[in-house]
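Engineer: With the hints as extra help, turn the sequences into a complete structure.
Protein chains in written order, with the working numbering: chain L, 5 to 1023; chain X, 162 to 650.
Any given hint could turn out to be false.
What the hints assert, rightly or not - Heads up, simulated DSS-like pairs for lysine-lysine below, C-alpha to C-alpha not over 25 Å straight-line:
1) K252(X) <-> K207(L)
2) K252(X) <-> K239(X)
3) K872(L) <-> K749(L)
4) K551(X) <-> K535(L)
5) K936(L) <-> K408(L)
6) K335(L) <-> K120(L)
7) K386(L) <-> K408(L)
8) K325(L) <-> K605(L)
9) K207(L) <-> K201(X)
10) K566(L) <-> K627(L)
11) K524(X) <-> K535(L)
12) K201(X) <-> K151(L)
13) K63(L) <-> K307(L)
14) K524(X) <-> K487(X)
15) K732(L) <-> K712(L)
16) K340(L) <-> K326(L)
17) K785(L) <-> K753(L)
18) K712(L) <-> K872(L)
19) K86(L) <-> K101(L)
20) K552(X) <-> K151(L)
21) K63(L) <-> K712(L)
22) K151(L) <-> K260(X)
23) K785(L) <-> K380(L)
24) K524(X) <-> K207(L)
Hints were generated in silico from the structure; no laboratory data involved.
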Amino acid sequence: MRQVGFWKSVIIAVCVICYSQAVSGSATAVPERIVVSPSEIRLDSKRAYRQIVVTGYFKGSEFDLSSSAKILTVDSNIVHLKGSRITPAGNGHTTVKVIAAGKTVEIPVSVSNFTKPDPVRFTFEALPILTKQGCATGSCHGSPHGKGGFSLSLLGYDPQIDRISLTRDGLSRRVNVMEPAESLMMKKPLLEIPHVGGKRLRKTDTGYSIIREWIDEGADIAIPTAECIRITITPGSGRVLHAPYLCQQISVVANYSDGSTRDVSAISTYESSNTSVATVDADGLITGHGRGQTAISVRYLDKLQSVNITLVEDIPGFVWKKTPENNFVDKLVDDKLKQLQYLPSPTCSDQVFIRRLSLDLTGMLPSVALTRAFLKDSSPDKRENLIRNFLNTEEYARFWALKKADLMRVSLAKLKQKEAEGFSRWIVDAVRSNMPYDQFARTILTSSGSVEKSPSAGYFLAIPTTEERTELTAQVFIGSRLECAKCHNHPFENWTMRDYYSLGAVFARTQASNGTVRLARTGESLLPTTKEVMMPWGLPKHATIESSNMDRRSLFVEWLTKKGNPFFAKVEVNRIWSELTGRGIVEPVDDFRSSNPPSNKLLLDALAQEFERSGYDRKQIIKLICSSQTYQRSTQTNKFNESDDVLFSHARIRELTAEQLKDALGLTTRSLPSTDTVPSRRMQLESQLQDETRVHETTYVSWLNEQKNDIHSLPYWLGSWKMAGPYKISDDLNPVKFDTEWTLKNDIKDGIPFELRNEPDQVYFLRRTIHCAAPTEVEVKLSSNAASMWLNGKLLSPKLTDGEYRIKVKLESGDNNLILKSAHKMANSNIQVNVSVAATAKSGSSKKLSSTLPFAFEILANTASLSKDENQTVHDYFIESDTARKALQDKIDGLDNRMEYATQRPYPEASAFTITFGQPLRETACTCERRKSPTLLQALELLNGDTSFKMAEAGSEYYSQLDNKSLVEELYLSGLSRLPSGKELDTSLAYIANEPIRKNAVTDLIWTLMNTQEFLFQH
Amino acid sequence: MRSLFKTIGALVPILISITTSLSASAESSFLRDVAPILLKRCAGCHGERVHLGGYRVDTFQSLLLKGASGEKSIVPGKPDDSRLFQLITAKVEAVRMPKSDDQLAPEQIAIIRAWIAGGAKFDGASVSVPIKSLLGPRRHPAAPVVYRTASPIMALAFLPDGREIAVGGYNEITIWNAASGKLIRRIEHLPQRIQSLSLSKDGKTALIGGGTPGEYGEASLIDLASGKRTKVLDTFNDIVLSAVFSPDGRHIAVGGADMSVRLYDFESGKRVWMSSIHSDWVTAVSFSPDGHFVASASKDMTVKVFEAADGSLFTTYNGHNRQIGKYMGQNPVYSLIFEPGAQFACSAGGGNWIQLWSPIEAKADSGDAGDMEERFAKQGHTRYIEHGFKKGVFALNVRGNNIFAASADGILKEFDLSSQKLIRTYPGKSDWLFSLSVDDSGDQIAAGSYSGEIRIWDTKSGRLIIMFFAQPGRSQRQVPGISTLTRQN
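Structural biologist: Here's what the structure looks like:
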């Protein structure tokens, strides 16, 4: 801002130069016609003005002539000029003549109300100045605690704060209505007295006269009845700057809810997203500097819009060469490349293609056999076939599910293992069956019930708060980072606090606990500033809050997945594009906003349309992109595209992700068996399991008898816990008389605090049997935050509050019945009970049985002859207690979940190795959580790490079995998906020959390959 | 011919200097002519806190030092060889000083040129102290004949008989008939804003504190009979917010936005001590009734209590900045007054309470580092009056057992000090109330607001006596809602 003046002078100089070039240039400098916007001007106040924009139409293109146009006023008693801005001078009708490139256009101007007072409106005029001059930014007075004791709302989101702050706060020192120029709020930014924020205002600025006038008129802070509903920018997006036309004037008109409009070009704030392409000055004059694309964002109050500008340069020696266009993707990419004069790279080789595609679609390196076959294949559609085949693999389903699970925080930190596995499996199933993406979103966002029945409920279980749900849903499905709008309007986007809390309202009634998602009947989202109840997002216009009593989430999903939704399809195709090419068309992929435009808008639009047309078929989009020439380009650049990083003129070199690398190392070194072996390994384990079960079964009868004996020789034993509830705390429940269904609670373990996930004011009962051979005194240790205890129908303790208790009780011989009642005003009670034999009891029993009996043993203890059901329970216990069998079953489960494959697992391995290589812990919804930049630790891990060392050693076991030439070829095919070159082969063979111990030489070769860039990168 | 040109050349600077305002004096004065330009146009970037280009102009010494360029900033007698002069007259805008700003006015350039040409002489007391401190008290302009709008009333005081009320105006004090709301008298050529106004025991002298926000503060004594500023006690770097007499009338305490608290001897006008331990504006100062202590309230959320004799810190009251407990809050303190009988202080600002406390017990509450936890846990001796205002309290006044509080809610309330109960909410609602005064009889109370409105109530009945705008030139007929301007009792 301090540089404003300097830039202004440079920009004026540049624009004068562009004009003189235009005049002296070739015949193209004569436009077919010129158009002046607006075509007619009405100024209805002495302070109104109108910025004009002059456009010249040349053959097929349009360029801005505003800064070079000569504007003549016919009657200077009615209008004056301020640059290319028309300002009133008196009431009446007249015209202004606009002469540009030899053409003249006259526009009628009428001025009215010139002599009527029109005081500066604080909210509409003074407030935007505080933003424009930088006062209300986050680093200055707009920061939460202001600066130097003076605080403003961030970018004016809360005019009420600013009204008071400027006039009354600070003991009223900031404005001086008696002598406006003496106001502190003018002298500070003018730097007439020291100001830590420096020079922020010049007397020539429009802002100066507005603020001065506002104070002069009494610093009125009346709250307007109208509000700004929209701003209109002329010209809209898409203008191209091309020398000599390197300038573009824009005008901004605000529309208010009372129907009035006013030109706000002079008081809007302008910013360029890429200043090396173009800069914009305080008057909305854009000046181009270098080839590329930028978004000029225009802010007026809480309205923010962007204008996309492309600057085209003639590159010496550039000649477009036609490259194959496989589908519409290539056409749209090439159109952009042609326009900005980048020359695409040629098609990549087959070996590069199979490695790139396999890593992208399955996460893993292609097998040697597949690679050999593909390289040999000479059919013209072999690449198409490969894409199709990969898309039908289990590996594809799991690897692409992992990407979604990353975003949805499927991790053991957020979910129980069962929940994580269930939700993850559900996502895999959805990807495998190619579930239409709208259905995918709908199922997740409207999931209810227990996680067993609807595994997608894991989405809500992983994010228990409304804030998290609002932010995650926005980031995943709307591609926007809404967090800023929690406390103030988003500084770079149109998102407001209202948006945030109305999205919050969608989830305000969704409750997730105890592995179950339920819909509550009440629950609202309030706007923090006004405590206003927000209508849920997606509610049709004019609907009342009552009509939101249905599942609010389905209304939202309806809005979200409706064709033409501005985000849904675009966000997903952009994510797919980014996964396949290494960069989103919008980047970052979850930061869609008008000030962060797509690098190729038409491409994004076309992909989104295709996605909608196909019924949200993700495989279809993947196929489309992978089949394109754009995807299949080489990473090798040429002189005309080496500087391109965003337009996809060449493929990007990408580091393998942590999971890809882990699996690639395993597969290359054969320390990880190929996924092809999973079915056969599973079958083998299954048969081992059957064998084990059969052998174990033969011991059942003897086991049963032995256990019975053991139990009856125990001096005492404790049965398993059973539970009843929940009941309302208000219900008068006497647990002694109380007859109810008791459910077995095997998860309550002695000595480990048990957490009852109850809602407030709920009651649970816990019961257990204690059997004694003879009357025994025992000590009951109870710690809880609220409970009562009964023994054999007698209340042992009144309500115990928070604390630990040791209670000595006398038990009768036979069964004793211990009941606990838990009740707590707060949610989630803790209960821990320990029953131990007091010192007086008989000891000396050396039975190996624990005195705490599993349920099955309880049956054995109580029943002489077992019923069929009881027998089943005992038998099940017997089978499950077989540790050898359990180990086999775990192995099978591990295979089913593909736990050994980092790219295929249901939840992250989170090992030191994968974390080193950037594996996200799934703590945020941001793809940025996956670290992409290489680190020193990674280099050390690969060079000296335990994992890589062990893998190389393991690899030598396998490769040493082969003859020298075969082993080198096999190694190259495994790790790099290609055969070694003649020189590479010779060097390798010579190395093996010279090394005294052959196995060491092989280890070295593997280690060397693992550390090549070709192995570590996808290219 | 050549010698003629030479003569003309030599004459040019003289001619220029003659055409300027300096023409009357034989020689330019650094402090009078040059320093104001430097402070207003240069010191923003080349000052004490920010010194771009390694150059600063806050002291005369630093003004003469070379900046980062290594060139001599001022060569006495040779303006064109002086870097400073070259830069303020540079043709290229990108190079010229002040950078990215409007050029100095031609007459200002002429002043600087003439001063350097005349030998760049210094007419101050010390080259190493801030130039700002050498400028002395400002000469203030006359007040506007007619106020174009109301000026916020930050200070007001009843004159001894209660028939007239003095009000802080713009570059003046205005004196109004308290019964009719008529303007009686104006005492002009005073600081731009008057933030504090109190009378000496004999009622003959007014003590004012005020200044220009952000740049100048002044505490001075006005002889009411003649309307003359008889003594300027001190000048300050920022506006003075509070200036009061000691109960015996022999001392004066002053505090302001420069964060200092200062004590003066009334007779001699000499400064006795000064303390700069507050970290934000000092918003109010008050003497304990026995004159032993001076307390100062601050935006830094503390009230400091000093020994009046030597300015040593007695204790710090932190009751407005409590992080735990029932009376939690971090609030600036805007108003402070001692209860005259029982020696306790009443302080308020942000937050929900007027807090009543004694310096001695506050010191005991503060304890030492060893008993910190205990101190945090206990509430302390403070008594709290829950005032029920939504916004801050900017003025307090005590009469007998009653305390009056004026708030930004625009409402005046009266509480009982011993019971801490509300006695009365006075009728009417104004803009933010900033000032209060009770007359000597205790029968009338006046409050002044942001919008320039003064309300006077009868403290016995609580009735509104009069409301008027202390705005010279304003027709009081415009005042809405008041049918009669006569005293109602």
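Engineer: Honestly, which of those hints from before does the structure not fit?
Structural biologist: 6, 7, 11, 13, 15, 21, 23 and 24
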